[in-house]
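Position 13 of the sequence shown, counting from 1, maps to 13 under my numbering, and the rest follow consecutively.
Derived by calculation from the structure, the hints in this document are not laboratory data.
It is possible that part of the hints are untrue.
[As the list claims (entries may be wrong)] Capping the alpha-carbon separation at 30 Å, the derived lysine-lysine pairs in DSSO-like fashion look like this:
no. : residue 1 : residue 2
1   : Lys30     : Lys53
2   : Lys47     : Lys34
3   : Lys54     : Lys75
4   : Lys75     : Lys53
5   : Lys47     : Lys30
6   : Lys30     : Lys93
7   : Lys30     : Lys54
8   : Lys75     : Lys93
9   : Lys53     : Lys93
10  : Lys54     : Lys93
11  : Lys75     : Lys47
12  : Lys47     : Lys93
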Amino acid sequence: MSHEFIDLSSQLMAHSSRLKAGHHRSGSEKYNFKACSYNFTPCPKPKGYDVAKKQTAIEMYIDGTNYWRVARFLKVSHQSISNWVTQAANQIKT
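Generate coordinates for the entire structure from the input sequences, incorporating the hints supplied.
This is the structure:
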């Protein structure tokens, strides 16, 4: 079924009745088709941070750097660092 969706979306993207309808929070372009009022995102960007960044944050914290410094260095929220470390600790416990 997903293959049929891809074929349909490529046909819709080739049609000239599409309008740009803004962006998602992640930065992906949104389109709206005039004929059927269908909203479509051709190449959605993944949400969240990549695994390498999370792993680096956990390693820095284990090496003794506090949440705030890790957050400033990686340009992410200190709460994200806290969540990642907590999740890693819970995985080790189980």
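Hints, verified against the model:
1. Lys30 <-> Lys53: holds (27 Å)
2. Lys47 <-> Lys34: It holds: about 28 Å lies between the C-alpha atoms, which stays within 30 Å.
3. Lys54 <-> Lys75: This hinted pair holds, its Cα atoms lying about 12 Å apart.
4. Lys75 <-> Lys53: holds (10 Å)
5. Lys47 <-> Lys30: Distance ~15 Å between Lys47 and Lys30 Cα, so the pair holds.
6. Lys30 <-> Lys93: violated (42 Å)
7. Lys30 <-> Lys54: holds (29 Å)
8. Lys75 <-> Lys93: holds (28 Å)
9. Lys53 <-> Lys93: holds (22 Å)
10. Lys54 <-> Lys93: Answer holds: Lys54 to Lys93 is near 19 Å, not above 30 Å.
11. Lys75 <-> Lys47: holds (16 Å)
12. Lys47 <-> Lys93: Holds, because 27 Å separates the two Cα atoms, which is no more than 30 Å.
In terms of the numbered hints stated before, the structure departs from hint 6 and from no other.
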